[in-house]
Amino acid sequence: MKARLLIVDDSMVIRNLIARQMLDERLPPIDLVGLAGDGEQALAIALSRKPDFITMDLTMPNMDGEACIERLAEVLPGARIMVVSALSDKATALRAVSKGAHGFLHKPFSEEQLVVALLELMS
Amino acid sequence: MPSLQSFLPGKYRVLVIAVAAFFFVSVGVYTLNYVLLQNVERDARGINAGGKLRGYSQQLAKAVLTLSHESAAGDPIQTSQAQISEAYLAFDLALAEVQAFAAESQDGPALELANKLDRQWQPLRDAAIMLLASATPEQAAVEAAATLSNTRNVRLLQLADDLTREQERLAADRARSMRVLQSGAITVALLMFAFVVVHVARRLSRSDREAEQARRETTDILRTVREGLFLIDRNGTIGTQRSEHLARVFPHPLAPGDNFLVTLAALVTPETMDSARQYIGLLLNERVKPALLADLNPLQRVQLGQAGGSRAKYLSFTFQPVRDGARSGITGMLVAVADVSQEVRLERELADAEERARSEVALLLDVLDKDPADVRRFLDDARAKLDGLNAALRDVTPDARAYLTTVTKVFREVHSIKGEAAALAIGAVAAQAHRFEDELGALRHRRTLTGDDLIPVATGIGHLMQELAKIDAVISRLAAFAQPAADARAQAGATHPGDDAVLQTMQRIQRLALAVASDLDKKVRIETSLPQVGAIPEAVHRLLREGLPQLVRNAVVHGIEAVAERRDAGKQEEGRLRIELARSADGGLELSVTDDGRGIDVHALRRRLTEDGHRPAAEVAAMSDRDVVATLFAPGVSTAASVSEHAGRGMGLDVVGALARETGARLRLASTPRAYTRFTLQWSPA
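These protein sequences, in sequence, are chains W and B.
Residue numbering for the first sequence is 32 to 154, as defined by our numbering.
Residue numbering for the second sequence is -1 to 684, as defined by our numbering.
Just so you know, these hints were derived from the structure itself, not from any lab.
None of these values were measured; they are calculated from a predicted model.
No incorrect hints appear here.
Here are the computed lysine-lysine pairs in the DSSO-like style, where the Cα-Cα straight-line distance is at most 30 Å:
hint, chain 1, residue 1, chain 2, residue 2
1, B, Lys114, B, Lys50
2, B, Lys287, W, Lys121
3, W, Lys130, B, Lys287
4, W, Lys33, B, Lys287
5, W, Lys121, B, Lys311
One chain only, chain B, in its complex shape (with noise of 0.2 Å):
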């Protein structure tokens, strides 16, 4: 059961009991003035008692005085007799009356004066019984109750008015003393009120003061945090305090008696509401412990505005259980929103800058095992080319047939860029050329074409021309180390490379076509075949570096099956891919690549060039075989089903036929499907 004292907070005790102790009071006074009222009505009543004593007294004598006469004159006496038979019995009456006053006050002159009157009036009373006991009394004691009347009259009334006096006194004295104690009682009364009033006023004016301090303290709190707060119950609603920090933090108006959560879905994506939800759940619920929550909080970094925009703001929402005391359940949430856009922004610069450390560092390390020769030619052929596509794109004649063209040229130069960084495994500036083929494989795919269109190209030429740069710095300052050997070796390769450089090559080739392999699953044996041949012109060296490449992966990504396709049509799972220099008798130089893969498809060579739209299906149709497989050499044409790094775009063969063309090589192909394809470049003798 509630004790009284959880009914009486402390703040009320004292008023309640104040309260209390005027009732009973007040109950008090009204007792005793009950019981004084009664007392001043008896006193009334004996005063008038003692008053009809008087004048029955005269009355009695008169009537006995009035017989005594009529006695004498033989009158009839009947009436008189009547009159004494009444005044004696009233007498009688007002005697007991008094008698009773004077017993009841217990006041001794009343009780002496009351006995004295009884004494006298025993005679009179006697004597007027005498009288009315016959019809005709005798004369004599007529005469005698006359007399005795006249006495006792006299001595009756003086004590009568004494009698009276003294109730007079006493009366007075009760009313004196009753005045007194109303008085005190009323005092009591009042002094009590007085108390409550003042108690209660100076209560209310200091929690006046209280809640006015605490307002006051709140809204210094609410005005100076530098944290967006409110409070939200536990359906979310938003409560009427806030700090006014929020709105500078928080862009949307939240007014109170609004839900939160239908607000919050208006800026956050429905994935991260999903989340929001279930963790305010789970804050709710209280089964989980805070710590935990702390880290799955979903609203710590909400984006607003702009995704990725330069004016991005990010808010950090947090949420603070909210109690009525500390054992009672969850009433609802404080919820703290801070802006960390500039956090957010320093860590992304902090990333970015590791990532240029990073990604610095693993140029170096790319660089720093390759011959500085062969980085360097990379990179003269790389800046040529693409200063070539610079001019291209400046001298363009404005029409979109010229513009597809030179985006065409641009994708197969730097598809051959990509092709040469991969085999000199320099990542940075293929994964950037791959990037930039894909912008630009968007662009070869558009109907028409548009100056506007050429802007993203001329900035992707800008970026490659930037990775170069920086592999320049790396490679300027290893050079400074070893100058003298690197001095030599450029030397000699600039004139006619040796079987050394040669070498080389043909080793950075079978790194690239194993590593091709093993991005795509593939197992691949490489054979080289490098006679004695000698010095070689640059112009071989040149298809060596940009050429073979192109055709070796070729052959891994289109020649080679995957190793269940080879198990299913009976072949090793190992592929076999032979690279063979050689002189020819007449002193000319042949280069073939030659893979055991599953050769060329000349019907889905077909299929291809008609559904790619590249001619009309009735030219496909018309066309031989050899034509067919010619096109593989066009610009655009792959047989792969999806582009990769590795291949896929059909520009490959295309800067194959090209180099071919540019450095005078006849260019062959042979294939069996499902048995093996070769390239073939032959050179006549110099």
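One chain only, chain W, in its complex shape (with noise of 0.2 Å):
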């Protein structure tokens, strides 16, 4: 069975960047289930399509990262949720994972960087 993945960021670029690597022959068969600009759209999607998978950035409008991650770990607790973000210290990154994000991926990122944090994520 496929991996399903929801890719959320509100900037599109990022977006399609994340997209572009699902396809590199380390990653296991991925379903790309949805991309999202903010929060509230991340938790529609993740509702309706029940992804396995989540990046998350966390400055975005209407909901942020931190709340949505907080609603994800309510209403969706077998989804693995990696933040990827520019804030780069560590007490934002530490308040994400205390509130159930399990990796954590500094913007900007490199490809490599980035197929290692989702095998890392898939792990």
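Please dock the two separately framed chains into a single complex, following the hints provided.
Okay, structure coming up:
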């Protein structure tokens, strides 16, 4: 069965960048179930399409990443979430992880770093 | 259900088995004793019965003899009869006991003796019964009984003796085997006891040795390890063991039983402490992968002591979960403290070196596309100004008012240097000058100044000099590549700068205006009008270099409105800035800078003069609009609401005013609110 992935980021460039890496041969087969531009969209898509894995930006309009992680931990506790953020301080990462995130990737990231982080998330 | 094995850890199993065996052996010995004692008792009864047989036989014989004498003498015989009755019944009972003993002991000789006794006894017993049958038995029967009694008594006594001896032999045999058995059992029990004692002692001594060895090794590790190590439980309570190095790394005492988090809270900021609590919570809850947590540790670099001081110490705390067994939960954490000050310092030095290298490269790139002669001229001017300032500082009259005048003078010159550096796009100098302006600005707003306040001013001048020296070095190196061309141009510039030099200055100023506009998010179109003006005097060119940047900056910052404001006012979004240099009819020169911005708001200027405390309100009220506008050229007046790198310190026009005076120009200002502002400088023909 394919791994179901949801990409959440308010930047289309970043969304596409992550989506492009799905084809990397080191990763298991991935079914991209959705792209969301803010936390509210992310929550709606997550509820209807039940992704196994989510990449999550933190600074977004409507509902920010931290709040979204908190809600997702309640409504979709099985999903593994990786924060992808330019906020590089440890306090932010710690808050995200204690709210339910399972991994952290700093922006800007190389393609290699992204694949390694996704592999780690999916292992 | 837990198995027996789980109740009996290996080292106790042998002990328990040994104790159980000892118990069973003891019970066996006791049971044997009990049985043997019963036999001894029976033996005693049997021997006793044998003895009784002798007594009763004698008693009977004696009673029969007495009765025989009494019967012959015609005396009453009832007493003798009673004794006969008693003796024969007692003999019967004793015989029965003896027979029972012989039967129980199943000893052949004893049985035979008992049977013989019975056979010897029966006729005597019959005779005795016959004597008792009548109160006056016949004399002949009495005589016969007496004779029988005499003969049988001897025989019975003999047999009873034999039987007693046989019983005693049996009892002795039994007692011997009992002693053997008992000795054996007790020996076994003692051996087992000895085994248990030896085993336990050996085991205790081995485990003592192991414990001692372990303790010694632990002590060695804790004494030698180059990390501060200690344990905390789930609540943060500090354990009793710690490495010796801890005291060297961690200056605060950590007593066993103290709470580590409380100690830590005194050392770090509340934000770091929040993160630390969160982090330790995550370590304990086991949901998060350890690899991820290692990256999130907020205590990897904790600063102790003076912030930024040279003696600042940096500690790194790492946490390793401690479990009782591989599968059990986390019971606490091993905390490792290391002094990473050296690492941090090295990193800082490396970063500084990189920053220096990077800024030197940036400086080189800044300077590379400039005319070396322009840069050289800027450097010479700037250095001359700074030297002048140093002299002014040195010779200042020790008086608060003189201090303030000096600071204001320094401010004005630094501002001028900043403007020129920005026009030449020499970012490093512009930034340094801007920082220095910040410091000077703070001084200018002090109520009173002391001589000590001038120390940072001298230092700031020194720093600016250093920046200039760096550029000088770069320029000198560059100049070595293109000496002839540079010489030629420098020479031309020193006498009468031609149109070429003016054109370059204008281009630079255009770039400056566009850069300022872009920084402020404004749109501006620059128009320059430079008809052939021929050679211009150095004085005018100096104003173009030093004063024009201030006028243009002033126009973009204060004159031209933001895009939205222009739209609201019905103007084009793009502001217009026109710079004209022209020869007047009488051969003089005229420079004008015009913007189509918001014009000068005289009311705002009046308010500002009053609010800033530059002048008393009454004086301002009495001033004409013209006088109010003229204050724009005095030091420290600005209409910008905040200070940016570009404007707001109220110093740009002050520089222009001073330059105008120095170069002999007439300075005019024309403005209509919401429409335009024009600055004009006029030089009479030389």
